[in-house]
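Quick note, the sequences are listed as chains U and R, same order. Numbered by the working numbering, the letters in the first sequence go through residues 25 to 335 in order. Numbered by the working numbering, the letters in the second sequence go through residues 4 to 676 in order.
Hints should not be assumed to be uniformly reliable.
Pairs of lysine-lysine, BS3-like flavour, derived with a Cα cap of 25 Å [to be verified]:
id: 1; chain 1: R; residue 1: 204; chain 2: U; residue 2: 236
id: 2; chain 1: R; residue 1: 35; chain 2: U; residue 2: 73
id: 3; chain 1: R; residue 1: 62; chain 2: U; residue 2: 291
id: 4; chain 1: R; residue 1: 306; chain 2: U; residue 2: 96
id: 5; chain 1: R; residue 1: 204; chain 2: U; residue 2: 179
id: 6; chain 1: R; residue 1: 35; chain 2: U; residue 2: 128
id: 7; chain 1: U; residue 1: 251; chain 2: U; residue 2: 190
id: 8; chain 1: U; residue 1: 128; chain 2: R; residue 2: 485
id: 9; chain 1: R; residue 1: 445; chain 2: U; residue 2: 220
id: 10; chain 1: R; residue 1: 265; chain 2: U; residue 2: 96
id: 11; chain 1: R; residue 1: 413; chain 2: U; residue 2: 236
id: 12; chain 1: R; residue 1: 35; chain 2: U; residue 2: 236
id: 13; chain 1: U; residue 1: 179; chain 2: R; residue 2: 62
id: 14; chain 1: U; residue 1: 128; chain 2: R; residue 2: 626
id: 15; chain 1: R; residue 1: 445; chain 2: U; residue 2: 244
id: 16; chain 1: R; residue 1: 35; chain 2: U; residue 2: 244
id: 17; chain 1: U; residue 1: 98; chain 2: R; residue 2: 35
id: 18; chain 1: U; residue 1: 72; chain 2: R; residue 2: 35
id: 19; chain 1: R; residue 1: 204; chain 2: U; residue 2: 98
id: 20; chain 1: R; residue 1: 204; chain 2: U; residue 2: 128
id: 21; chain 1: U; residue 1: 179; chain 2: R; residue 2: 265
id: 22; chain 1: R; residue 1: 149; chain 2: U; residue 2: 179
id: 23; chain 1: R; residue 1: 179; chain 2: R; residue 2: 626
id: 24; chain 1: R; residue 1: 204; chain 2: U; residue 2: 51
id: 25; chain 1: R; residue 1: 179; chain 2: U; residue 2: 128
id: 26; chain 1: R; residue 1: 413; chain 2: R; residue 2: 62
id: 27; chain 1: R; residue 1: 445; chain 2: U; residue 2: 96
id: 28; chain 1: U; residue 1: 220; chain 2: U; residue 2: 244
id: 29; chain 1: U; residue 1: 98; chain 2: R; residue 2: 265
Examples of chain R residues toward chain U, derived with CB under 7 Å [claimed, not checked]:
id: 30; residue: 32
id: 31; residue: 36
id: 32; residue: 39
id: 33; residue: 43
id: 34; residue: 210
id: 35; residue: 212
id: 36; residue: 214
id: 37; residue: 249
Hints listed in this document are in silico derivations from the structure and should not be mistaken for laboratory results. The structure presented is a predicted model; accordingly, all values stated were derived computationally and were not measured. Ideal Cβ positions, reconstructed from N, Cα and C, are used throughout, including at glycine.
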Amino acid sequence: MKIINFGKVLILLTTFLVSAGFAQSNKVLIINSDNGVFRYETIAVEFKKVLQQSAYQWTELNLNSHVDAEVKLKQLIQQENPELIYCIGTKAYSLALNHAHDRKLLFSAAINWRRLDIGEGTYGVANELSPAQEISLLRYFFPTIKNIGLLYNDKFSSEYVETIKKDALDLGINIVNQPINDAQEISDSLNELLPKIELFWIISDPVVLSSKASVQQIFKSAQQQRKPVYAYSDVYIEHGAVMAISADLATIGRQSASLALMMGKGKMPEGTVQSPAGSTVTLNKCALDALQFDFNQDALDSVNKIVECDK
Amino acid sequence: MIKYLNTLLIGAWALNSIAFADAAAPDDDLEKELAYLAAERQAVGTVFTASKMEEPVDKTIATTTVITQDDIAHIGARNLLDVLRLVPGIGITQTQFGWREIEVRGVKTPTSEKVQIMLNGHPLDHNLQNAGSAWVYDDLPVDTIKRVEVVRGPGSALYGANAFLAVINIITQDAKDLNGVQTSAGWGSFDTQQYRASWGKQFDNSAEAALHFNFTDTNGINSPISADSLSVQGLNSNAPGRSQLTEGRYDLEWQLGYQDFKLDGRYINKKAGAFFGVTDVLSDVRTQQDYNNYFLRLSRNWKITDKFSLDTQIFHDFFSYNNQWQLAQNLFSHTGLEDTRTGGEIQANYQLSDTQTVITGFSYAKEQQDNLIDELGADPQHFILSLHTAQERARRRWGVYLEDVWDPLKNLRLTLGARYDRYNDFGGTFNPRMGFNWEFIKNYSLKFSYGTAYRAPAFGELATANNPVLLGNPSLKPEEVKTFETGIIAHPVAGLMTQATYYHSAVDQIISPTSIQGVTLQYQNNDSLTAEGVELEARYDFDGNLQGSYISANHVLQRSVRLGRQLADVPRHRTNLTANWAFDNTWSSFAHVLIKDGTTRELGDNRNDVPGYALLDLGLLGKNMFGRKVDISFNVYNLFDKRYYDPAPASLNFIGDYQMAGRAFFGHVSLKF
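Bound conformation, chain U alone:
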């Protein structure tokens, strides 16, 4: 019995020492582009929860809290000597890239990650779902659709749009894309685009979606031409989108943490950037009925949330 107890103590002690040593050598620096932004902060909170459970140490830098965030970042890297830098948002990643040197980088919540400068030892969770997955679902729900249109800004979304076009082509769908330079061009561009398509896709382009007025303009134009709108997030459902497939923010945080743990253990994940693992499919049946737009009833099993008209 004594030997068993001694063994338990030994195992506990060893676990503690290993954990302590492991934690010591696995410091993570979390750089948040702006902790006042809901998406960034939700991801950060979930990320830290997983790290806490795994007894990891971390230091956090919120870029919006410092006038000279770059200097602060340099100081933190020097003081903390983190093995991994986790960047939430494009601003955080762009800044970290300049000062990370040989440290591992992990990112999430960066729009169109393909435009980023991704080096060796850098991993991430994409902000957007896999276009192939989204297009497959769209085709499943709306089998008659052949032409989907989208607006985008070349600087922010060209690589993402290219991927969408390629994946769509593989699935027999034609993407009609229209670049814009600023939101004032939305109305004219939609007037040109909507007659050519059967469905409009709102992608997370920060120039297209620069204000509430832009969003309202999109739905107004679509409504006038009776074209359904599909969106990357369910926040647009209430504004009239017929369907949305949203990446789950909490899952992105946890998924990033899993990657961080793997990187900490020297197990390099497969693929440089993973697509978000969790998603929610929302169908606005009310909007579909109003448009008298047919959809595959068998696909309803795939829907997480159906929005009906208020009675």
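Place chain R on chain U using the hints.
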């Protein structure tokens, strides 16, 4: 009644609440999402630099071409000349001395003194005796270059002297770009070898350092030279023989930064033979040119507020040559001098609003020439002192400039600027620049600009001495050019860029040797010419499975008229066709066709016109191999071994023209650690 009112109030409140809740919840979520998108939007800035401020290339009023590091890799460029010859409006030709001429918009001179070459924004016109930068920088190695920006048209309103026909700004890799060690080596025809080593690091205490070392050695193209002035008289001569344009050069560049301070510079040593020689006698290997050139610059950016900043710098430039020229079969000259330019500049950048930025600055410099060497001898081992042909001389100059870049409308940019420069030897010169860029239809922009520029008289033109046939002229005024240009830049479909530009330049007060009293020549401001032309450009970048592939073409139709005649040795047409085919993410192939029109001769030169030609270059590039650490390229220039010629001047009319290189190969390996 009261009950009824209460019910009504409660009902109204409830309805209001529901309506409010319905409206607020989605709005709140949307606000959060838009806040996120706004944060992402702010994370990206503009990346292109033109006219001393960052602005997108499409928005500038100037005609600008940007060649990136990636473009340079695809081209398989051996040196800066291979890059420049693809730029619309630019042509490269051989001189008898060895260095190359850079023709811009139909105007060229042997020393290319009307083109301002800059390294990381610092002017390189360090040769005060003869002006120009081509002496040392024509064949600059390209492995350490991040970007080359070529702005065609006058630039004196911002950059002062000698930004006359074009400004070529070479931007090299900094510590951030390197972040480790990069090495490369290249070998090719004519026993050419190139080596490069670069190191860069950003330290934790905000210090950063980048060092580049380049070494190049070549035996030159060994062109056959059929005759010289001696051989045609049946006298003892090196002709028929071959050009002796051997070259060895090495350079060291440094960029050291700490907080907002930066210390940068570059040292270059270049030793070269000659293509033909300095006189009309073919040189042998005993003609040796030896150039040393460096600059050292200490700069600091002072960020006063978010909208107001100051850029300050002090600099010291040095240029020297120590050349040994064969003048005749048994006559050699040994000439040398040292030029320095020391000065400083302060520039204020003030963003008046989101749509308007004002730049103003003041610069001062002292230029000095001394340590002259002039010797003559029957052979290089037995020189004796001779009279100086140059003069020890000093000059002071200052300049003040102002530029306003204003977007009164979202699709309209106005640029207005001017600069006044004052020299203690020839006085002052005022150069304005103005123009607009108007996106009149989405993706279609109209550009218009007008500007003037000047070229300061070189010391050699002001004070050539003890030369029996050519005299300096201390009364010279600067050369002047007035240019207006207009063009359309369009993106008709995704991936396609097209541009058409018309320019008209009137060059006056050209400094050239002019006969006085029928026997002696003296530099005078009494020449002028008019150059006009159309530059057409198009580039299409493929997408989808062909992403990374592109085709491009540029064609120039130009007419340069002096004394009612087309300028000699300048083609009327020049075309570049390029195609890059990306097989996958690693391998790509590149093809380039250069088609050059024939050129006419000077008045009184009875030789046939120089025939035009077409050359085909092919290249294969493998990038990011072996864990993104290795790049390999192999290029064939002039694949069909076309025999073609660059024009020799009328003074060498007995030799025909300069035969240029036949088929040539170059292989290149680059490693990153």
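Cross-check of the supplied hints:
1. R:204 x U:236: violated (44 Å)
2. R:35 x U:73: Answer holds: residue 35 (chain R) to residue 73 (chain U) is near 22 Å, not above 25 Å.
3. R:62 x U:291: Between residue 62 (chain R) and residue 291 (chain U) the Cα gap is close to 47 Å, so the pair fails against 25 Å, i.e. violated.
4. R:306 x U:96: Roughly 17 Å separates the two Cα atoms, so the pair holds.
5. R:204 x U:179: violated (29 Å)
6. R:35 x U:128: violated (30 Å)
7. U:251 x U:190: holds (23 Å)
8. U:128 x R:485: violated (55 Å)
9. R:445 x U:220: Answer holds: residue 445 (chain R) to residue 220 (chain U) is near 19 Å, not above 25 Å.
10. R:265 x U:96: Given pair residue 265 (chain R), residue 96 (chain U) holds - Cα atoms ~21 Å apart, limit 25 Å.
11. R:413 x U:236: Given that 25 Å is the threshold and the Cα spacing comes to 20 Å, the pair holds.
12. R:35 x U:236: holds (11 Å)
13. U:179 x R:62: Holds, at about 15 Å.
14. U:128 x R:626: holds (23 Å)
15. R:445 x U:244: Status holds; Cα separation ~22 Å.
16. R:35 x U:244: holds (21 Å)
17. U:98 x R:35: Violated, because 30 Å separates the two Cα atoms, which is more than 25 Å.
18. U:72 x R:35: holds (21 Å)
19. R:204 x U:98: holds (14 Å)
20. R:204 x U:128: Holds. Residue 204 (chain R) to residue 128 (chain U) sits at ~17 Å (cutoff 25 Å).
21. U:179 x R:265: Violated, at about 31 Å.
22. R:149 x U:179: holds (20 Å)
23. R:179 x R:626: holds (20 Å)
24. R:204 x U:51: holds (23 Å)
25. R:179 x U:128: Holds. Residue 179 (chain R) to residue 128 (chain U) sits at ~16 Å (cutoff 25 Å).
26. R:413 x R:62: With a Cα-Cα distance of about 11 Å, the restraint between residue 413 (chain R) and residue 62 (chain R) holds, given a limit of 25 Å.
27. R:445 x U:96: violated (42 Å)
28. U:220 x U:244: Holds - the C-alpha atoms of residue 244 (chain U) and residue 220 (chain U) are around 17 Å apart, at most 25 Å.
29. U:98 x R:265: holds (18 Å)
30. 32: Result: holds, 4 Å to nearest chain U Cβ.
31. 36: holds (5 Å)
32. 39: Result: holds, 4 Å to nearest chain U Cβ.
33. 43: holds (5 Å)
34. 210: violated (10 Å)
35. 212: Violated: closest Cβ of chain U sits about 13 Å from residue 212 (chain R), beyond 7 Å.
36. 214: violated (17 Å)
37. 249: violated (41 Å)
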